[in-house]
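Number of protein chains: 2
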Amino acid sequence: MKVRVTVSLKEGVLDPQGKAIGHALHVLDFPEVREVRVGKVIELDLDEADAARAQERAIEMAKGLLANQVIEDFRTEIVQ
Amino acid sequence: MKVRVTVSLKEGVLDPQGKAIGHALHVLDFPEVREVRVGKVIELDLDEADAARAQERAIEMAKGLLANQVIEDFRTEIVQ
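Chains as they are written, first to last, in our numbering: chain P, 425 to 504; chain L, 425 to 504.
Among the hints, a few may not be true.
Identical chains blur together in the list; that is why a pair holds if it fits in one copy or across any two.
In the SDA-like style, the derived pairs of lysine to any residue whose C-alpha atoms are separated by at most 25 Å in a straight line are [claimed, not checked]: (1) Lys-426 x Ile-445; (2) Lys-434 x Asp-453; (3) Lys-464 x Glu-501; (4) Lys-434 x Asp-474; (5) Lys-426 x Val-437.
These aren't lab readings, by the way, just hints derived from the structure by calculation.
In isolation and in its complexed conformation, chain P is listed as follows (with noise of 0.2 Å):
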């Protein structure tokens, strides 16, 4: 069973890198950016048949590893 974790900051939170990038897409003729966020997707391939109890997984390796909470947001979804 394959699950994604897409970690991004949470709203505030200043995002140099995706500020960085908004100037650079400016600077390439692309004035109609208004803001850019960017964040982490992860994919993990899990030995687990079970989708419930996959997303429960990684819902803990988010809470454990993957995710920061002070800063960051993490949504799970099943790929496959």
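Given chain P, work out where chain L should sit, using these hints.
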């Protein structure tokens, strides 16, 4: 219009960050983890009301800056 660009390493490209996370998850007692791949997700807020045009521009941005197409694939999707 918001567009999400997800950038991931092509199949076969070594992912040391994914390997490190996989190892850490094993140590943290998640033995069911078989493989981990890490990618980026870039959320673009564009001053563009037309969804098709926004997605087209996001693809240009991905090709021009956000993804290194030698080693990375990307996909775009409209968020709202």
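Status of the hints after comparison with the structure:
1. Lys-426 x Ile-445: between (30 Å within a copy, 15 Å between copies)
2. Lys-434 x Asp-453: neither (28 Å within a copy, 28 Å between copies)
3. Lys-464 x Glu-501: both (14 Å within a copy, 16 Å between copies)
4. Lys-434 x Asp-474: So Lys-434 and Asp-474 fail the 25 Å test inside a copy (30 Å) and across (27 Å) alike.
5. Lys-426 x Val-437: Answer is between; shortest inter-copy Cα gap is 19 Å, intra-copy 29 Å.
Checked against the numbered hints above, the structure violates hints 2, 4; every other hint is satisfied.
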